[in-house]
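*Asks:* Dock chain B with the ligands against the given chain A, drawing on the hints supplied.
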Amino acid sequence: MEFSFMLMQLGKGFLATVQVFALTLIFSLPLGLLISFGRMSKIFPVRLITKFYISVMRGTPLMLQLIVVYFAPFYVFGLQLPRSYRFTAVIVAFVLNYAAYFAEIYRSGIESMPVGQYEAAKVLGYNKGQTFFKIILPQVIKRVLPPVTNETITLVKDTSLAFVLSVVEMFTAAKQIAASETTIMPLMVAGLFYYIFNLVVALGMEQLEKKLNYYR
Amino acid sequence: MKILEINHMKKSFDDLEVIKDISLSVNEGEVLSIIGPSGSGKSTVLRCATMLEKMDGGELIYLGEHAAEMNNEGRSVYASKKDLKRIHKHFGLVFQSFNLFPHYSVLKNIIDAPMSVDKISRKEAEERAMALLKKLGLEDKKDAYPFQLSGGQQQRVSIARALALQPKILFFDEPTSALDPELTGEVLKVIKELAQDNMTMIIVTHEMQFAKELSDRIIFMEDGVIQGEGTPEDIFNTENERIKDFIGKFAG
Ligand SMILES: Nc1ncnc2c1ncn2[C@@H]1O[C@H](COP(=O)(O)OP(=O)(O)O)[C@@H](O)[C@H]1O
Ligand SMILES: [Mg+2]
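Quick mapping for you: the protein sequence lines, in order, are chains A and B.
Take the first sequence: its letters are residues 1 to 216, numbered as in full-length UniProt numbering.
Take the second sequence: its letters are residues 1 to 252, numbered as in full-length UniProt numbering.
Chain A extracted, bound-state conformation:
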């Protein structure tokens, strides 16, 4: 097999990896915030449900969650979904899982905010929405950036789990080539891809952190 052909196959897989990564972040970052609100809600049942949700998402393997999300529509609702649902299922499962982790990160960030910030805003006449979005959230983002970076790097590696639903991302592509050509080279190249991807992610987060360092 041509080296360039292998690279092309890996490249296609890489594209799928990036898609899973990007879509997961885009949806799970805001969803996590919503879930963290539920987790801190004054309404007891809401708090209980979100707490249970988070513990299930964090307490069971992501691989199992992928399978459940994929098969649930059929086994629970009797729905026949097209093959293309596989990719959607991967994204849904990743988003549900990562949102739970992000929710806990946001919660600890929000709870670490000094009460004086809320009180100053209240006395100045800010309403609840203004207080949260103008005063609290920007500071929370700065505080949670390090743990969010950790999760994001884990996500890059977790994308390989998409193989469970036969979505051919980079790792699956590498495994297939490796099997048919009996060489571990594609796996090594894939490893390099992951590494570089993560370097870029870490670098991006570092830049963001620097940007937010204009205040303390």
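Source of the hints: derived by calculation from the structure; they are not laboratory data.
What you were told as hints is all true, and nothing was included just to trick you.
If you want the ones that stay clear, here's a sample from chain B, every Cβ over 10 Å from chain A, calculated:
(1) LYS10
(2) ASP14
(3) GLY74
(4) LEU107
(5) GLU139
Quick look at which bits of chain B chain A covers, simulated, 3 or more residues with Cβ under 8 Å:
(6) 76-89
(7) 93-100
(8) 110-117
Yeah, the Cβ is synthetic: ideal placement off N, Cα and C, and Gly gets one too.
*Replies:* This is chain B with the ligands only, laid out in the frame that chain A set:
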């Protein structure tokens, strides 16, 4: 004209009765200082007056408008949200620990509330802010962030932030207690200048000399009640042993 009137304020935290029965009023342009031992409930009075805490009993009246009325049992009944929002604009509060917004520059700390709460234009808000910064000697700090300022400068910015909303009365809760001794002077000076401009103020302080020079009236609080009230002269020459003791400790 009475700017603030508090009648029979009561406040408990669980079983702890912190404010037992406090009544006081402040006229326009008057400076009232509240002194008293730690834990006597001074901060709680300010927090109830600024609606950071809800009082259990008593009335709270700003410029004749009831923020809270008393029902037959003397319990506080608060006005509607809409009314409270309007009444809120009458007062400002300066905290012991400044509570500036660390992610905003000095200028943004001062203009943001007038713009997003009172909806005034950026131009007007900036003009107001620059005039205040000039008055408080902080013109050159407008682009600095709070962490780059000394405690005294931060407290002056927080005073400017409160003044930018043009309150009718300003509350101070031990505005110099968090400062190194060499920095208290600059903050006290600013408050004195406000007094000369006839700003109506209620100041909780442990700075006895300052309270004596500045106040029209002084209230001595202990155990959730007012133990003594009068002009600085009255208070500093009182025969009341508790007040004498207390002042002695701080003057010494
Ligand atoms: N949020 C609160 N919960 C419970 N107790 C409180 C709270 N705030 C104040 N207290 C208690 O009320 C009393 C008076 O406090 P405070 O008003 O801060 O006194 P001061 O400002 O005169 O030192 C203290 O015993 C304090 O512990
Ligand atoms: Mg106090």
